[in-house]
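Number of protein chains: 2
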Amino acid sequence: MHHIKPVELDKAYRLLNIGATTLVSARHEGVDDVMAAAWACALDLSPAKATVVIDKSHFTRDLIEQSNVFVLQLPTVEQAELVLRLGSVSRHDDPKKLEAADVKLFTMPGFENVPLVRDCSAWMIFKRIPEPHNEQAYDLFVGECVAAWADERVFSDGHWHFEKAPDGLRTLHYVAGGHFYAIGSAKDV
Amino acid sequence: MHHIKPVELDKAYRLLNIGATTLVSARHEGVDDVMAAAWACALDLSPAKATVVIDKSHFTRDLIEQSNVFVLQLPTVEQAELVLRLGSVSRHDDPKKLEAADVKLFTMPGFENVPLVRDCSAWMIFKRIPEPHNEQAYDLFVGECVAAWADERVFSDGHWHFEKAPDGLRTLHYVAGGHFYAIGSAKDV
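From first to last, the protein sequence lines are chains C and B. Quick note: the first sequence uses this note's numbering, first residue 1, plus one each step. Quick note: the second sequence uses this note's numbering, first residue 1, plus one each step.
Here chain C stands alone, though its shape is the one from the complex (with noise of 0.2 Å):
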């Protein structure tokens, strides 16, 4: 919890610009849920807003319809394991989806209704920006950002610098299936 520091939400994009599968959580009156979700992406620089496909069977989905906030958050390599789970049960069908996958959420000051993930890299708080259509048509949901951190140990400065941390703290790249990607090596040109 101590590596935690907060990202100038004007540098928030370069968390999603890696295209790193996301962990999306949410909270309404006193419900959480959490899911995994391959498809985020950047959207805008400034203020940084974002898309996300959450199919209608989702039970996250239900949450921030009506709380109207969600979250992104970067699962590590460590949390493979998690996040196929996270990805493959409903809380539609299991209640207690969360316990069972021992799910740990925390809050940071100023958004206490709002559920982080334990371990994971970074988090970005959105606020729902409605868009019945691409809801609607696409499952698309646009989300403004307005909090960010990252655990300093692989991006601070505006920068990732996975290259000096340890290895199990590398974003997950989801293919299919169990089968994922670890972000690798900096390329500088």
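Be aware that one or more of the hints could be misleading.
Identical chains share a label here; the pair holds if one copy fits it or two copies do between them.
[As the list claims (entries may be wrong)] Here are the simulated EDC-like pairs of lysine to aspartate or glutamate, each with C-alpha atoms no more than 20 Å apart in a straight line:
id, residue 1, residue 2
1, Lys104, Glu144
2, Lys127, Asp10
3, Lys5, Glu81
4, Lys187, Asp167
5, Lys187, Glu163
6, Lys104, Glu8
7, Lys11, Asp167
8, Lys5, Glu135
9, Lys11, Asp55
10, Lys56, Asp167
11, Lys56, Asp44
12, Lys187, Asp119
13, Lys5, Asp62
14, Lys187, Glu81
15, Lys187, Glu78
Bear in mind the hints are in silico, worked out from the structure with no lab data behind them.
Model the placement of chain B on the given structure of chain C, informed by the hints.
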């Protein structure tokens, strides 16, 4: 060229899933352009759809709006300099942009009017789905994939296998400035 093999359309989303930076290309009435876009994302499985953010300043955008076709292709680590260049210069400012960057284009049978960039690792041709609100408000374009190919050295049978190919063929993940990451190790759970 002899490594290029078709990708089944219902597996095409896996090309985008790992969140690599893309090159966007388009042609209208014999005029080509190619730009870099980190903000491309899968949107649906079948038919495969994708979103891509293309600012109004880009020449490529005009070509897409006129031809209703665009290509998302995944450049490799070896093409990092090319990607940075194509992302920094607009054809509006330098009509000889493609020649100056030494971009090599090719086409595939059945799609003779769609320019693909050589030496990438994967290519997806999209038919634009016109979404005037998204395009104007967010610079967000939606497309349906009508054809896809990949370099079989890194993607075959619906799966990436970078670990079996030269490292120069790994995908690029853009952060900012001249700073990229290559995709890294496989992680299977």
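### Query
How would you label the pair lysine 187, aspartate 167 (within, between, both, or neither) given a Cα cut-off of 20 Å?
The answer is both: 17 Å in one copy and 12 Å across copies each meet 20 Å.
### Task
Up to 20 Å between alpha-carbons, please classify lysine 56 paired with aspartate 167: within, between, both or neither.
Answer is neither; intra-copy 35 Å and inter-copy 39 Å both fail.
### Query
Can you tell me if lysine 5 and glutamate 81 fall within 20 Å by alpha carbon in one copy, between copies, both or neither?
neither (26 Å within a copy, 32 Å between copies)
### Message
Treating 20 Å as the Cα threshold, decide for lysine 187 and glutamate 81: within, between, both or neither.
### Response
between (28 Å within a copy, 10 Å between copies)
### Query
When no copy is specified for lysine 5 and glutamate 135, does a C-alpha distance of 20 Å or less occur within a copy, between copies, both, or neither?
neither (32 Å within a copy, 34 Å between copies)
### Query
Is it within, between, both, or neither for lysine 187 and glutamate 78, if the alpha carbons may be no more than 20 Å apart?
between (23 Å within a copy, 10 Å between copies)
### Query
Are the CA atoms of lysine 127 and aspartate 10 at most 20 Å apart within a copy, between copies, both, or neither?
within (16 Å within a copy, 32 Å between copies)
### Within, between, both or neither: lysine 11, aspartate 55 at alpha-carbon 20 Å
between (28 Å within a copy, 18 Å between copies)
### Message
With identical chains, the pair lysine 11 and aspartate 167 could be close in the same copy or across copies; at 20 Å between alpha carbons, which is it: within, between, both, or neither?
### Response
Classified as neither: same-chain Cα gap 23 Å, cross-chain 29 Å, threshold 20 Å.
### Task
Tell me, please, which holds for lysine 104 and glutamate 144 at an alpha-carbon limit of 20 Å: within, between, both or neither?
The answer is neither: 25 Å in one copy and 38 Å across copies each exceed 20 Å.
### Task
Check lysine 187 against aspartate 119 for me: Cα-Cα at most 20 Å, and say if that holds within a copy, between copies, both or neither.
between (26 Å within a copy, 18 Å between copies)
### Query
Given a CA cutoff of 20 Å, do lysine 5 and aspartate 62 count as a within-copy pair, a between-copy pair, both, or neither?
neither (30 Å within a copy, 41 Å between copies)
In summary, the numbered hints that this structure violates are 1, 3, 6, 7, 8, 10, 13.
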